[in-house]
Amino acid sequence: MKKSYQEINEKIRQGKAVVLTAEEVAAMGKEHTPAEVAAKVDVVTTATFGPMCSSGMFINTGHADPPIRMERATLNGVPVFTGIAAVDLYIGATENHPENPSYGGAHIIEDLISGKDVLLEAHAKGTDCYPRRDVKTNINRDGLNEMIMFNPRNAYQNYAVAVNTTNRIKYTYMGSLLPRLGNANYSTSGELSPLLNDPEMRTIGMGTRIFLGGTTGYISWHGTQFRTDAELNEHGVPVSNAATLAVIGDASKMSPEFIKAAYFEKYGVSMFVGIGIPIPVLDEEMAARLMIRNEQITTRIIDYGVPEHPELGRTNYRALMSGEIVLNQKKIKTASLSSIFKARRIAGILKTQISEGSFTLTEPVEMFPKNKGLKPLVIR
Amino acid sequence: MMAKRKQRLVLRFPAETVNEPITYTLIKTYDVMINILNADISHGREGNLLVELSGKSESVDGAMSYLESKQVEISPVVKTILFSQAECIHCGGCTSVCFPGALRMDGVSRELRFTPELCVACELCIKACPLQLFELNFGVN
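From first to last, the protein sequence lines are chains A and B.
Under our numbering, the first residue of the first sequence is numbered 1, with each subsequent residue one higher.
Under our numbering, the first residue of the second sequence is numbered 381, with each subsequent residue one higher.
So here's chain B without its partners, still in its complex pose (with noise of 0.2 Å):
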């Protein structure tokens, strides 16, 4: 069997590269399998992407190859979501939004839990929070 590999990265792209079709070529040439969990890229300027990349390890590492040559900064994320946890007054709001389970109620304390390993940094949690206390962050090793 076949070693298998998930990654999640943040790739800048250089702004010569925004316009090509690199996600494509990924697909297609090197067989990953690509889920974008967010983007920040405008037309002729630098581009953010955290995705997350995944398929047999020889693939990954085609794929990493790849974008190593196209001059894509690829960096292995560490925490995605910024949370001001010492402020935060328990109501819950971001709960609901929060579908990989990153944010809960404790059903005792009624306190919100965070577990960042859990996060996909889609976001919703930011504008769910009514004292604005999460942040989007492309912190990276």
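Same shape as in the complex, but just chain A (with noise of 0.2 Å):
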């Protein structure tokens, strides 16, 4: 059974679309068979909520009178990228304050999410079209042009688990490592997981409308270091970070429930993103991929206390899930730093909003590379 975008856009129209989250079809999936769910589900929407550090918004404060061409600028102490015409900013979600470690872009992007005000603070030369050399005031979402989200890398397709060998407590991004083994943290939502749910990428490309942060997203590029020639487990996903997404959106709908401020100890700010994509049932191949489960998605378990960061062996979601994984005889407490509950609320949305025709599926423009490997950076 074939469906088209067209076919399953005007049930959604209809308010007549099956749709399900990737967990319930995870479920469905256990007592039906491919072409059962093809034929069933037009729709299954799939979530994840963790903290992805190659995240940024840009603003555009609007002219003062006179107007300045901000060389450096500030907001809350952070320095933000002024490299671009006079009054755009990039706020870079891991932009440190350069006194206080645990406070940088990310706040800087909630606060302005939330409409709380931020103060800016520039300055420039001056040049003949742009005679002002200083500016001190406070900015909020009301009264910026545009606040536009856009993250060069986010929703990995799956991510390695971290833990740590050696005798110290390691802290990274990956959390807190505690020594000799006494932990393991990850940081996918597994079978909610966008890109795990259509590993080939077939109805996910440039142009994919998105739920991102709170409101109505998209998908402009594929992300940076996607890769496709990840070694693949016999289900058909990714043993490690292989495709990833960059995505655009209208940061000033966006909710701080969707978008959160994080700090790792010892490693920096980071930020929580929201995103949701919806998956239409296109066919039998298509439901397939659908009815992942979380113990038929592996992922490698790294050394983060050495270098190298050489894999100790390889586990699946469902344990990691349970709170306990064994490696090398030893039980290990894990940890996600992705968040589940929220991955499900965002599915959740995305589900009602389907269901009642306010959010129609969009074929991608563009697919994504089908041969991209990744290149390391050549000391030379």
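The hints are simulated quantities; they were obtained by calculation from the structure and are not laboratory data.
Keep in mind that this is a model prediction, so the values were computed, not measured.
Do not rely on the hints blindly, as some may be mistaken.
Unchecked claim - Subject to a maximum C-alpha distance of 25 Å in a straight line, what follows is the list of computed DSS-like cross-link-like pairs (lysine-lysine):
#, chain 1, residue 1, chain 2, residue 2
1, A, K116, A, K136
2, B, K408, B, K436
3, B, K507, A, K331
4, A, K266, A, K253
5, B, K507, A, K333
6, B, K507, A, K266
7, A, K125, A, K136
8, B, K386, B, K436
9, A, K30, A, K40
Stated by the list, open to error - Example chain A residues on the side facing chain B (calculated, C-beta under 10 Å, incomplete):
#, residue
10, P51
11, E99
12, S102
13, L177
14, L178
15, A184
16, F264
17, F272
18, R344
Don't be surprised by glycine CBs; every beta carbon is placed ideally from N, CA and C.
Join the two chains, each given in its own frame, into one complex according to the hints.
Below, the structure written as structure tokens:
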């Protein structure tokens, strides 16, 4: 049985589409064949809510009178990128306050999304066309022309589990890693995760309409460090970091419920981003992909204690989500950095929007590269 | 059989006793077990010690009298870690460092559950929480 985007959207508009979350379809898959699932279900909603460092927001502050061409600028003391036009700024999520390492760009983004005032300080040499040299004023969401979230790398397809074999605690972007394999941290929403439900990216591509930070957003490109050459397991999903997404959306309509500033001890600032992606059940093959369960998704266990990051073993998300894995005959407590609770909420919201007819599906304008590797930085 | 007792206490040392080997005396003379859960002591200043004191009932009583004779302020602990639970996003990052199991994920709802009675105030959650929702509180009765 095959269905087109047009047929599915028509059902959505008529309020007749059958929409399930990826968890619901995974459970359904235990008792139904892919053909049955394809016949019954039209759309599956996937979601993730995890720390995604490669995120940020463009803002346009509007021009003062006389105008300034901002050359150096800070928001609440956090440096922001000014190397574009006069009053366009980019707030990098991981940019740190110089004196307060636990405060940074992500906090500014969350504050602006929340409608709070943020102090802008900018300096310039002054030009004939932009004579002003300094500005110091409060800005907020209502006074800005644009707040465009643009995240170059989000929603990793899979991610390694981090452990530490050394004798000292390690503070990493994967959280606190206790010595001598004291714990294991992971960061994926497993069977709910968007790119694990469409591993070949048959329906996810450029132009796909998505849920981003509480509002509608779009996939604008493949994410940075996107790769298609990662090893696949027997269920066809990559066992390590593979595909990624670059996403864009109107941050002035986002909610602090789905964009959250974070600080990882001794690492720095990052930002939790909520992403939801609807996947059309185009055919039996797509249904089979969407039925994937946590126990069928493999990931690698990596030692973050040593610079080479060697692989120590493999596990799956069912084991990880049970709270304990076994490695080298040792039971290790596990924890997620990605919130399944929030991912479920996003998948649920998207399900409601599609069921009610307010969110239709988009066919990608262009598909992602099919053969792309990852280059290291060669020091020469 | 002798009655045994275990008590979790915050001991507040006045500046003049900070340099005295008080815990040594407690163990050697009063035969109590001391499990130090947290310490904040600097020479020449006041200090705080969060301890679990256990032993025979009369030994614990003797130890407490000795501490009082040294002007050590004794306060039974009510809560040692404060958690801003309303702001929690339920990632669960704190659960793998919490060995007493005070912080754990609900296997069904995937929400974080905090059981303060199990907390030993080891403080690992303070640094493990990416939203910085935990803080140490030397709060007492």
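A quick look at each hint next to the structure:
1. Of the supplied pair hints, the one linking K116 (chain A) and K136 (chain A) holds, its CA atoms being roughly 16 Å apart against a limit of 25 Å.
2. Among the hinted pairs, K408 (chain B) with K436 (chain B) is consistent with the structure: their alpha-carbon atoms are about 14 Å apart, no more than 25 Å.
3. Our distance criterion of 25 Å between C-alpha atoms is met by K507 (chain B) and K331 (chain A), whose separation comes to about 23 Å.
4. Restraint check: the Cα-Cα separation between K266 (chain A) and K253 (chain A) comes to about 32 Å, which exceeds 25 Å; the hinted pair is violated.
5. Annotation: proposed proximity of K507 (chain B) to K333 (chain A) holds, straight-line Cα distance about 17 Å (limit 25 Å).
6. The suggested pairing of K507 (chain B) with K266 (chain A) holds, with an alpha-carbon distance near 9 Å, which does not exceed 25 Å.
7. Under the criterion of a C-alpha separation no larger than 25 Å, the hint pairing K125 (chain A) with K136 (chain A) is consistent with the structure, at around 15 Å.
8. A threshold of 25 Å between alpha carbons decides the hint, and for K386 (chain B) with K436 (chain B) the separation of about 9 Å falls inside it, so the pair holds.
9. For a cut-off of 25 Å, the pair hint linking K30 (chain A) to K40 (chain A) stands: about 15 Å separates their Cα positions.
10. The interface hint given for P51 (chain A) holds, since its Cβ lies 6 Å from the closest Cβ of chain B, which is under the 10 Å cut-off.
11. Among the interface hints, the one on E99 (chain A) is violated; its C-beta lies about 17 Å from the nearest C-beta in chain B, farther than the 10 Å criterion.
12. With a cut of 10 Å, the hint placing S102 (chain A) at the interface with chain B holds, because the nearest CB-to-CB distance is about 7 Å.
13. This hint holds: L177 (chain A) has a C-beta 9 Å from the nearest C-beta of chain B, less than the 10 Å allowed.
14. Among the interface hints, the one on L178 (chain A) holds; its C-beta lies about 6 Å from the nearest C-beta in chain B, closer than the 10 Å criterion.
15. Hint on A184 (chain A) holds. Least Cβ distance to chain B is approximately 7 Å, under the 10 Å limit.
16. A distance limit of 10 Å between C-beta atoms decides the matter here; for F264 (chain A) the minimum to chain B is near 6 Å, and the interface restraint holds.
17. Interface restraint check: F272 (chain A) against chain B, minimum CB-CB distance 6 Å, threshold 10 Å, status holds.
18. Given the 10 Å rule on beta carbons, the hint for R344 (chain A) holds: about 7 Å separates it from the nearest Cβ of chain B.
Of the numbered hints listed earlier, those contradicted by the structure are 4, 11.
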